[in-house]
Structures are given as structure tokens and as C-alpha cells.
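Read top to bottom, the protein sequences are chains A and B. Following full-length UniProt numbering, the numbering of the first sequence begins with 1 at its first residue and continues without gaps. Following full-length UniProt numbering, the numbering of the second sequence begins with 1 at its first residue and continues without gaps.
The hints are simulated quantities; they were obtained by calculation from the structure and are not laboratory data. In this text the structure is predicted, and so the values were computed from the model without any measurement. Accuracy of the hints is not assured; some may be wrong.
Taking lysine to aspartate or glutamate and the DMTMM-like style, the derived pairs with C-alpha atoms no more than 25 Å apart in a straight line are [what the hints assert, rightly or not]: (1) A:LYS568 with B:GLU738; (2) A:LYS390 with A:GLU570; (3) A:LYS318 with B:GLU468; (4) A:LYS685 with B:ASP728.
Residues per chain are reported as follows:
Protein chains: 2
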Amino acid sequence: MTTSTVPETPAAGWRATGVAPPEPEELERLDAWWRAANYLSVGQIYLLDNPLLREKLTPEHVKPRLLGHWGTTPGLNFLYAHLNRAIAQRQQPTVYVTGPGHGGPGLVASAYLDGTYSEVYSDITQDTEGVRRLFRQFSFPGGIPSHVAPETPGSIHEGGELGYALSHAYGAAFDNPDLLVAAVVGDGEAETGPLATSWHSNKFLNPAQDGAVLPILHLNGYKIANPTVLARIPQEELHDLMVGYGYKPYFFEGGFDEDESPLEVHRRFAALLDEALDEIAAIKARAADGDLTRPTWPMIVFRTPKGWSGPAEIDGKKTTGSWRAHQVPLANARDTPEHLQVLETWLRSYRPEELFDDEGRVLPEITALAPHGDLRMSATPHANGGLLLKDLRLPDFREYAVDVPVPGGSTAEAPRVLGQWLTDVIRLNPHTFRIFGPDEVASNRLQAVYETTDKQWNAEYLGPDVDEHMARAGRVMEMLSEHQVQGWLEGYLLTGRHGLLTSYEAFIHIIDSMFNQHAKWLKVTNDIPWRRPIASLNYLLSSHVWRQDHNGFSHQDPGFIDHVVNKKAEIVRVYLPPDANTLLSTYDHCLRSRQYVNVVVSGKQPSPNWLDMPSAVEHCTRGLGIWEWAGTEEPGTTPDVVLGCAGDVPTMEVLAAADILRRELPDLKVRVVNVVDLMRLQDAKEHPHGLPDREFDGLFTADRPVIFAYHGYPWLIHRLTYRRTGHDHWHVRGYKEEGTTTTPFDMVMLNDLDRYHLVIDVIDRVPSLGTTQAGLRQRMQDARVRARAWTREHGDDIPEVRDWVWPDAQDQADSGQVGATLGTGGDNE
Amino acid sequence: MTTSTVPETPAAGWRATGVAPPEPEELERLDAWWRAANYLSVGQIYLLDNPLLREKLTPEHVKPRLLGHWGTTPGLNFLYAHLNRAIAQRQQPTVYVTGPGHGGPGLVASAYLDGTYSEVYSDITQDTEGVRRLFRQFSFPGGIPSHVAPETPGSIHEGGELGYALSHAYGAAFDNPDLLVAAVVGDGEAETGPLATSWHSNKFLNPAQDGAVLPILHLNGYKIANPTVLARIPQEELHDLMVGYGYKPYFFEGGFDEDESPLEVHRRFAALLDEALDEIAAIKARAADGDLTRPTWPMIVFRTPKGWSGPAEIDGKKTTGSWRAHQVPLANARDTPEHLQVLETWLRSYRPEELFDDEGRVLPEITALAPHGDLRMSATPHANGGLLLKDLRLPDFREYAVDVPVPGGSTAEAPRVLGQWLTDVIRLNPHTFRIFGPDEVASNRLQAVYETTDKQWNAEYLGPDVDEHMARAGRVMEMLSEHQVQGWLEGYLLTGRHGLLTSYEAFIHIIDSMFNQHAKWLKVTNDIPWRRPIASLNYLLSSHVWRQDHNGFSHQDPGFIDHVVNKKAEIVRVYLPPDANTLLSTYDHCLRSRQYVNVVVSGKQPSPNWLDMPSAVEHCTRGLGIWEWAGTEEPGTTPDVVLGCAGDVPTMEVLAAADILRRELPDLKVRVVNVVDLMRLQDAKEHPHGLPDREFDGLFTADRPVIFAYHGYPWLIHRLTYRRTGHDHWHVRGYKEEGTTTTPFDMVMLNDLDRYHLVIDVIDRVPSLGTTQAGLRQRMQDARVRARAWTREHGDDIPEVRDWVWPDAQDQADSGQVGATLGTGGDNE
Ligand SMILES: Cc1ncc(C[n+]2csc(CCOP(=O)(O)OP(=O)(O)O)c2C)c(N)n1
Ligand SMILES: Cc1ncc(C[n+]2csc(CCOP(=O)(O)OP(=O)(O)O)c2C)c(N)n1
Ligand SMILES: [Mg+2]
Ligand SMILES: [Mg+2]
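Just chain A, with the same shape it has in the complex (with noise of 0.2 Å):
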């Protein structure tokens, strides 16, 4: 173990001069609150009542179904209490992120000795009846999760599904520079995916501009039901896998001997983090002094029993200090008087009598340990970041918009459109505002942010020649980890700043579970009172399943959507701008907005423009609309037919049928749909964005065929829309998982969704054109035959697609200025 120089003059908040090693009294405190967190902890696991034990533990007194997981408790009850004294001393502002958040109890328990949990729930009093009720409410119907959850004050980080803690903090600790992040890793956790790359964020991190992460290894050595890999390969290996890392690990061990008394061991403990964070102080002086290299950061290795301090054994088997300790480890309390009285030795090993007064009150000298007021992790306003958010300054998007002289009159490829503006975005919010992308950025097309910004990048940097655009500070951050940008944003999220992510359309499944997660935070936290709302997860998916030409198959997968859309309406938002201007309007909503996930499809292949911006504004403000300039309706009559459309794909397809219709049926009276906002489709008592029925009828009409193009799979059209009165006639198209590496309009042809079918879909599907238009059926039919041979021979599309415009575009085709819409741009053009 090394000696840490702690320079004189120590960055503003990291203190670390005039810190002294605990004096006996305050090893007694630490002891003191760890038992109260711990006694409080099992209690809510076991206790109905009879909260103090001032009288004799009864089966009456033990919950009838005991719910909760304990292993991992104690442990992380013995690290708040350190990170406690710590904060206070050093009076740094911590955030506490607990990766194995099944440990509910635990975090409950020392909100309550903070006092933060009376002060947020006032029936959660301090006293005998606060603490029966604290007990009771756990896990209990009606009452709290069993897990580290929204209702826990001081947490960003819902327990449940492992992974993301290191993610989290890092994303947390981005821009802000005085923010202590402590992260306690669970040894199962360790060999998930996501955490086994998240410990590599510390090559993104500033030392100057960001708060440190101080990542803690609990080494508890179990899982749910076996011992972790981490526990069980040598010391040595595991000291070389955290250098490799690029940590610097400090290695503890207590709970073990059991001749060592509990102060030894908190005197221990307590050195060991001093060390620890006097080291980040004098990385963050450094760092002050202009010194940006990647520093070495500390990490800690806590190698303590799983269950530490609770019951050896349990009936002859070994419990603490092995995975039988994980969940609840005295299953049959309430039943047998065996365990009952088990389950009272061990309550009362913690010797609740000199813990709380007369009234329940735990004493003053325990909680005099806690720091004050915003430095209880409990209580930091950057665990409920709505408290820090601040608007974001938004420039003018209509300033940024793309010159559209006539429908289809000029190209674009939409999100380097978009890039503009958040380049902007980026000047004027310069420490609250970060771009997120698994290598991505530029591949989908948001590369103009670069005009004003970098990649933040802390390993080695070789020069600008192949080191374009990074820095060591900067408003990008690329991992090639889904999971990691995710939960990044998350964190950076969650403690009250904004960003967006984006990614491959079809890869952004790989955080399906990550999305669902925030998604049920956010849910919750609506309905809690003391919470404020967060700003929007935003996604921008620009490579999206029509326009895999490089990639092919497995690159393409439409159904995010379906994924997003089945958690509760009010939180999701999936919209699908059909061209640049409406993207800007779009994604400007997007950044305003609060406690969303917005889904924003957007190609970023070269697609025509077809609306002006006072139009798009208008479009996207009602979130879908009749285009008149490419129907062929008549004032006053319903149409004979609607084609809707929602992607900018399908809009430029369901356009050139129109314009097939209108020249080859001119008769036809035909009605063009946008959408834009996919959640409009649904019915207004599903969700907030949810057309009324009459409107949507009115729209869509109750009796003519609706011939729709979708963007995704076809089935969530009909999901949104079954309950509509003209349902029955809708016919969709979409994504039937036909793909291949083939060029954009085959694409569209192996799924019916292009131009040609489109029309044969009117034919089959309006009354009067069945037997009347079987020629023109027919040439269709052979339109696509000849579309797809000319594939086959020049590798290419046929002319007639590929430079088909829109009609009233014609003249400025002519004149060149609408570019080619199927090109097809590589990764980073």
C-alpha cells in the first residue's frame, strides 16, 4: 500500500489536509451506527412489530412472508457509515450508488439514521412508532420496494437488474467537478457484460472538468446460489485485472478473524479510505494545476462475509460467509421456535438497548456521526437531480432550417441537419449538455457538433492526423458500448443535466433491458411527491432498417419501437420526422421536454426535403397531417382512398405512388397522411398523445381503405389503431424481416412496401378499381420485376426510382438541384 502526497494547497472541495485518523470514540461511533443500520436493516426484513425487542420476540411479532435479501446488507451499512465520517471531515458532497440494490434494507435504514426519511416521509416518525412502521412497510403490501428503488431518498440507481453501477457514477460524476461518486460493485455484479467494460469509463474522464468515482469491490465472494469469479481466482490476479483496468487497487479484508476486535477492524477501514480519497485529492490538485494526463485512480477492494455479522449457521450449514446468506436466511422464523429464537439472538447481538433511547430515538451520539443537511448522501440534491436541472438554452431551430422551395425540391440528409443546430446546443449549454454514441457519432451523421466540440478521450492521444476531434474535455462521448453510453446518459440524467444518445436502430436492442429499467424509474418517480421530473432520454436512431446497404441483414431490426411502446403511455414518446425540418422541429421539442423517453427515427442517408419549416413546425405541432399538395381529394367529398405514412422511407414511397396515382387513376381521390407522432395513432384514452376518435376519423375516415406504410413491423399499426372505428379497412405495410445487403428500393420490394405494391394495394383495395384497373395492376406487378432485374445486373436501381422526384420538384431536378436520394454514404463521409 502506498503513501499518498497530499499537496498543500487542495482543489476547491476535495479536502485532505488536517484530516485525522479517527479517534477512539469516533471507531466507537462507526461501530455504533453500523450496528443501528444493520439492526434496522433486519429488522424490516423480519419484524411486524415489536420493534425495539423490548419484550420478547413472538411468531406474531415476525412478518408472515419474509421478502428481502440480506447478504449484502451489512456491508454496504459498513461503508455508509465510513463514507459518513468522510464526508463529514472532508465535507464532500457524495453521491452513493449501490450496485447490489437488492440491499434495500440497508439504504432505507440509513436514510432514517440520517433523518432524511422522517423529513421525506412524515409518518416515518423517530421513534418507537416510526421504526415499527419503517419495519413494517418493507416489502409489504402497500408499503416500500424490496430493493434500492425511486422511493429511497439518495439513490439514482434502482436495485434489480446488475450491471450499470460504474455507468452510473461515471455518468454522474461527468461535469461536476467537486462530486464524489462512491460505487459500490457487487462481486456477482462484476461478471455481467456491462460492468465488466464499465470500469474502463475512467479513459473518459476529466480529472479537471468531471468528480471522481471512487469504485468499491465488494468482495462478498457469493452470488444468489454460488461463489463469484472474482473471489475465487488469487489476489495477485485480481490485483493485475484492476491495474489493467487502469485502477489502482487498495485491498481490504475484515470480518474474517474473529479474534480481531470490530474497532480494529473500523480503525482499519478508516485508514485505508483516507488514503483512498487523500489520493483523489491530490489527483484532483493536480489536475487543478493544469495536470490532465489519465491519472491512476484509487479503487477499493472490500473483502468482507457475505451476511457479516449475521447468523454463523443455520441448522449445521454454514450462512454468513456464503451464498446461503443472500436472500432472506431464516426462512421459517415465524414457524419454528428454533429459528425464532435464531432470529432473536441475532437482533439483539446488535444490542438494540444501547442504540435507541426511551421513545425509539436512535441516540444523538450515533447520528452525530452523519454529515448535515445536503451532504447526507440521503439528502444530495444530485440524487434528485429534477432539484439541480436547468433549461436548456435553446437556439431558434427555424434559423437552422433547410431551404424547401416546392415538396421534394431539395435534399438532405436530415441529421447532419440536426447536427447543426446541436452544434449550437453545445455553445450555449457548455457544462450541462452531452452527446452520447457507440462509436456512432459521426456514422450517423452528427459529425458538425465537431465545429465546436470534441470526443473527450483520456488515453493515449496521438496526434491530429488520426486523432481528429479529441480532447481531454469535450461534449461527446464514444465507447464502442451500448451499454455504457446508455448508462452514462442515464446517470448524467438522473442527476439533472441532458443529452441524447444515439445509436444503430437495430443495435439499440442491446439495452432493451437498460431502457426498460429508466423507463419504470421514471413511471415511479411521477408519482413521488418529493422527486422532480428529470429532463428526457432521447435516442436519434438515423441508421435505421431500410438503409443497412454496407451492412445487411443483421443490422436490420425495426422493433424498438414495439419494445418502447409497451411501457406506460405517459412516459414514451416515438416519433418519426419524414425530413429535416420536421426532425429539427422534433428533436427541439425533445430537448424541452421532462420525464420522457422520445424514440426519434430519423434516415441519414441523402432523402428529400418535402416540407418548408413554417409547414413542419405546423405538422409537428399536430404530430401527423394531411398533405394536400399530394392528394388528389376533392373539397367538400371523402376520399376514395387515404395512404398514410409514418418514416421518411414509406413517406417517399407512399409520395411516388401518389404521384403513380395521380397520373395513371386521375380520377382517383386520393388522401395523403403523415405521421409523425406515432403515439397519435392510438386512442385518446390510451395515451396523452392519443387522437380523439372523431378526429381520427375524420382523418382516416371510418369506411375507406387506409393503405399504410410504416416505417417498422406492421402489427404495431394495427396494435395502435384496433380500436378505431375504420380499423377493419386498414391494410399496413411494413418491415416483414426480409433483408439483405441489396440496394434501398430492393429493400422496399422484399417487403412490399414499395411505390408499385403500394399501388396494387389500392387497386385490390378499392371497390371500383378490382376489375376495372387489372392492366395497370398488371403493370406494376411488372414495374417491380424490372426494378428488381436491374438490380441484379447493374447492382444499382433502376433510373426510374432512383431519380424519380416528386412532380412539382421536376424543374429543380433539372436544374440539379435536388441530389440523388439512394446514394448511399459509408460510416464516416
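Chain A is already provided as a structure; the job is to place chain B with the ligands on it using the hints.
Chain B with the ligands in isolation, oriented as in the chain A frame:
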């Protein structure tokens, strides 16, 4: 670097003695192979014609759309060449797994050089025309994908979504003691979570009974648009990381020193590879001698320039050795004479005139490098697992039946019963069947299998009191990473074996995207005649949404089913067996099936048994059916209402509702239909299991209300049935994202899936009941209020619910034969 000690008698298949360092002409040959493979790779990306450059290159020879990835390809080709030499010398069966499978042209080129390609695709002949076709088809409409894909001979690992190379490799190695799996890991890929944890696979490999994996970290420094983390940490850090992961790293660096001749580079790498393979042979020999302790397996760090051998600069920008080489470096080869010239120079640098004879056939000296027949990596049967697949020997599942004297007359934890049968499956198939789980095999109640097998574990072993059921060899594979176990299982199946994965229903979303890729693989292989069918990928999700009593909201999500049914109908099957005997029958079917993904959801908590084995077999064979004993139909008449159910918890609620209805409304004609095979609900045109309309209408009626109680999100049932005649009369109840830690009955009440609400639904939907049964309706509402209040008071479910049994089973219940069905077992019970 260490020298290996090669034992006198190497293990079978692992020759190390007599391996000579390469002669000079062997080095020439290696280099010629490498040049040929590179030439064929570049040709695939760029050339439409003039394949052997027998004429000057003109723009017409260049493809109109340039789609593919060059950067990783020369490295993959280099390794292929060297592995070839080693395989030929050692006669070592080898599978080549390439993480950077976007380097598709390389694998195709190598398989062409091997001869395999022409054997499999007769049109791609070994002559100039064949080369022309080989080039043309690549990334071309109607041709082959740009990535390594099922179409690529020798592949078990699709390019596309990065992260699973090592998990697949280890999965392939399990139970293949004589197999070497050479696994290339991209340095970008190494940043993904799944890859970062998959290095730890070495703690789960048995050196005698399993094969060997040689990981090769392809440290070419860059990913799409950024440097990689592992390339930008000091070499010592990378060394420590690999040592920390338990490997012995061999560092190779080549291609940077312009003064070093290619032959010298080859000599150095051949020597290094020999050393690594000798070391593996030594490990295998020690293992054959009985030393099964975890060896320190070698791995290779292969540091070479990205795009090695390509143009150093393009347009004045560094290309080779940078991220700019990632995709297609000369985007304008067809359009600008400068780029065309660069392309021609590049192609000619491989000296094609020295590689092909006049007919365009690769010179025999070059192809002589390759091993023969099945030893060719492109032809190994292990990479076409169906060739090696043998049926499992399956014990008669009927013999494992639980006794069901009357419906509801006994209870069981269904997966525990399944576990008994699986125990014998393992006994009968000791080398070809494994169970995979993320630390949840016991929690998911399959622990009976430990009667006959153990969890395979090669990290430190402490002794039986904590390390129950762990051994150096065993059929159960547990690591706390859903990615890892999914990847292992995929590798195991793709190489011709059988298995299942058990996980929590909510967290199986973690591998949504891996499932996607596997399902796509199966879909594509169905159309490739030379690919033989493999065993299905079987899931068992027994910790499901309704019984997360311990865990609460974060663990509640039934959406994996929705995700799965987005994939092609011919691939996916979803089963919801309502009890133990139906689960047995279902799983027997799953383990016999091929080329599917079977998702089986079946709760782990005690639950009533409804069907005796003969009825269960009939019911599962039908996939759905009327439970006549549960309804109150009159023969010959149409029922007034149909109660449908799918899933164990909904089935119980429907039966309890049917019980209330028969008591309260004895004249109401109720039909109860249970669905095991969810795909039966779909149209026969949409899914091979779909029920014909006539049969469907017969079962569910075309005009009576159907109240359907479903396990998951209700809209899925609408999606599956919206084309059915009677769909407008369907009212579906399911999970609507309302969850928390509470009692089982409170959970169903939160989602309006409870018996009382189902009765209310019947009253609301059956026209004759609306006004006449307002009293009963009110009593049902009151019953809900009472049940909820009871939970708040007692923390448990109200006795009338908790103790409810199907009326026919009252005798059994009274005599204690029916266990409580709402108890909650812990994770390790
Ligand atoms: C991704 C994921 N897979 C599986 C689980 C189920 N699970 C809950 S706790 C646990 C063991 C955790 O072990 P560890 O991280 O070491 O925590 P501790 O030992 O401190 O309880 C598992 C596997 C989960 N919560 N998340
Ligand atoms: C999970 C995932 N995220 C993103 C991508 C997009 N992508 C394709 S190739 C690539 C870079 C790969 O770099 P590396 O693994 O180093 O391969 P190589 O340098 O050998 O090409 C990325 C990010 C992907 N294929 N998979
Ligand atoms: Mg642990
Ligand atoms: Mg690379």
C-alpha cells in the same frame, strides 16, 4: 516470452512434437496466400469486372456502389494463412471465429482459396469467370452479404453485432476435447460489455473434456471512427489486464516497420503461433494426465495496422493504420481518375500475376498451404453443426408425471418436476446436453439436476460446505452474465449439440439483441441447402412477472414474448404451459425440435395441477383446447361467453372466475379455453402453428364475448387475433405495467387480471347480464376492496383467495393433499 515445455506424449489431436519452424519456401507460401486473400478481398469490395487485372482498370470495372469493410480484413487473412499452416502441420481440427465479422470478404476469399467455396457454390468456379462472379456477387443485389454470414462456409459467427466472439468460441469448445477454436476479437469489439466479461470463460472450461480456445486480440488500433481503448493504454496495462483475466499474453507487432520484410514478419508470427499452440498442447497433455486445475491459457495480442497493406494515404490523409481504413477507403474509385489509379496500384501491389495462372486458377503452390478436407477451417463440420447433430436420448416424460386425481387436486412447482426429467436427460446424454443460467438454475427450480451432475467450475474451489454441486466437470454452466450464457449456448448449439437456458423473464431482455441475431441466423440457414438443421434454442423462464414477490417492479416485464414474435414465424415458438404435466410434455417437444427458438414460460412457485398426463399430452398436442370440466356449456348450444387463458397465473384466475360464475350464475353457459401454444391463436397463413379460421371460430365463437386472461401485455393477443372473425368481441386482460413488491393476488388485482375483475368483465360484456347482475358486479368490486385491504393489514392474501381450490378438489384440499399455492419460496429453496 516464455518457451514451452512440450511433453513427450501429447494428447490425442494435440500434436506439439515434430512441429518444425517454417522453411523459407513456406514463408513465401504464407505470404503468397496472404497476398492472394487480400487481392480477392479488395476485388470483392471494388470490382465488377476485369477480375485478374489482365487489362488496365477502367471506371466500368468498378462497382457503382462500394459496400464493405476493408480495415479488419488483411489481419483476418493473415491469421487465416498462419492457422492453415499450423493446422496442416498438426492435423488440428479448428474452428475460426472472427469477432470483426464485418471483414466478410476475407473469409470468403479464404474459403475460395481453400476450395470449399467452389465445392459449396458450384457457380463460383476456380477460373477467371469464377473470380469475376466471386467479386461481383459480394454486397451485390441477389448476391451475398457484406459480412460473415450463414452463407459463409466455416462460419458459426455472423458479423454484425459485435461482442460475442469469445462466448461463441467457448461454447463451441465445450465437450469438443479435440477442437481448437481460434477466436479473433476486434479491439473495438473488446470494448463491448459482453466481450469484456467473456474473457472469464476460462474459469469454466475443463482442460480435458473441453477443447481449447485461443483468443487473438486484433489490436489494429481503431474502430469505426475512433482509436480503441486497448490500443491506447500502455502495453504493461494491457498485459496486466490479460493476466488479470487469467491468460498468458503473447505480444506480436507487425506491419509498422517498413524496413522489415514481409517474410520476416511471417517468420516471427509463425514462431509465436507455434509457441502458443505448443503451450496449449502441453496443457492438454497435462490435463490428459489428470491435472485439471485451471491452466493459464495462452492468448495473442496481434498489433498490426488497420487496413494493413492498403494505400498508406488517400487524398493526403493517413489511411492505413487509421480508422479511415475501416470501411471502403476509396469512395470515389469509380468517379475520379486519381482514386481509380490508387485502386489499381493497390490491387497490383499484391502481384496478381504471380498468384493466378492463365485460366485464373490460384497456383497450386499457394493452395498447398491449406490443410485438406474437413481440416480446412471453411469446411470443418463443427461449423455446420447440423452435420454432427445427433438426436438426444430422451426418457419418457410421462413417467415423471405428477399425480392429478381431479383438476386442482394436487400442487407442484412445475420447473422442479421438469428438473427430475432433465436429470435423466443429462444421464442419458452425458456429452451433448448442457443447461445454462445466470446464477439462477436453482432459483428457477431446476436443482434436481444436481442429483446427477454439477456446475462446471474451474476457478478456486473451497469445499463442499460452501461449494455445493460444483466440480471441474458438470452439465450446468452458471455465470452471472446473461450475455455469456446465451453466447455459450449459441456456440454449443451451432456446433451440433443441445441445451437450454433458464433465466428471469424480465432480465432475458438483456439478450434481446442476441436472440435477434440467432433467429436471423436460423431464418437464413433455412434457405441454405448445405447448412444442416441444428437443435432449437430453448428458454425456460420460470421467475415470471406475476410472482416477483421478493423483487418487485424492476423484475416485472413479460415483453420478451412480444420481442420474440417479431421474428419470422417459421423460427419462433412460444409456450405457456399451465401446470407441471403440460410443462413436461412441452419441453419434451422442445428438446426434439430443430431450427426454432422455443420460449417456455412457466412459474416456479407452487401452483395447482390441472391435467393428468394423458390429458396434458392431448392438450399440448392440440396446443389449445376447451376444458370441458371447467365450463358450464350445454352440449349442442353455443356458449354465452368464452373465458380464454394463457399462462399459469391467468389460468388459475380464469378457473376461479369460472367457479364464481357457476355458483352465482348457474344458467350462464361458460366455455373455458386454455392456450399452451400461443402461436395457435394466429392465422394459419401467418404462422405454421396457426389454427384454421373455421376451427378457431368454432372454439372461440364468432360473436360471443371472449374474456381472455393472458400472461403478458394484452395487446399481443389482439395482434395475434385481429384478423379473426370474432375479434371485435375479444376483451383481453394482462399485464399493463402495474407492479411492485406485493402479494401474488394484489399483483393480479393491480392489473385487473384477478378472478373478481374477470367476473365483472363477463357481466359487462354478456348483453343479458349488464343490468340484471349489477348486484353481483358490486359484490365483485367489494371483494376486490376487501382483498386489497387484507393485504395491507396482514401482508398476505385473504384466505378466501389463498385457500381457494377448484371445487372438485375440495376433498383433496380438506385432507391436506393440496398445498398452499400462494406461498413464496426463496431463491435457493
Ligand atoms: C442482470 C441480472 N441477472 C440476474 C439477477 C438475479 N440476481 C439478483 S442478486 C444476484 C446475485 C448478486 O451477487 P452480488 O453482485 O455479488 O451481490 P451480493 O453478493 O452483494 O448480494 C443475482 C444473480 C439480477 N438481479 N440481474
Ligand atoms: C454492438 C455493436 N455496436 C456497434 C457496431 C457498429 N460497428 C461496426 S464495426 C465497428 C468497429 C469495430 O471495431 P473493431 O472491433 O476494432 O474491428 P476492426 O477494427 O477490426 O474493424 C462498429 C462500432 C456494431 N457492429 N456492433
Ligand atoms: Mg457478492
Ligand atoms: Mg479495431
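Tested hints:
Between A:LYS568 and B:GLU738 the alpha-carbon distance is near 9 Å, which keeps this suggested pair within the 25 Å criterion. Proximity of A:LYS390 to A:GLU570 is assessed by CA-CA distance (about 22 Å); at most 25 Å being required, the pair is judged to hold. Proximity of A:LYS318 to B:GLU468 is assessed by CA-CA distance (about 11 Å); at most 25 Å being required, the pair is judged to hold. For the hint linking A:LYS685 to B:ASP728, the alpha-carbon distance of about 18 Å falls within 25 Å, and the restraint holds.
Checked against the numbered hints above, the structure breaks none of them.
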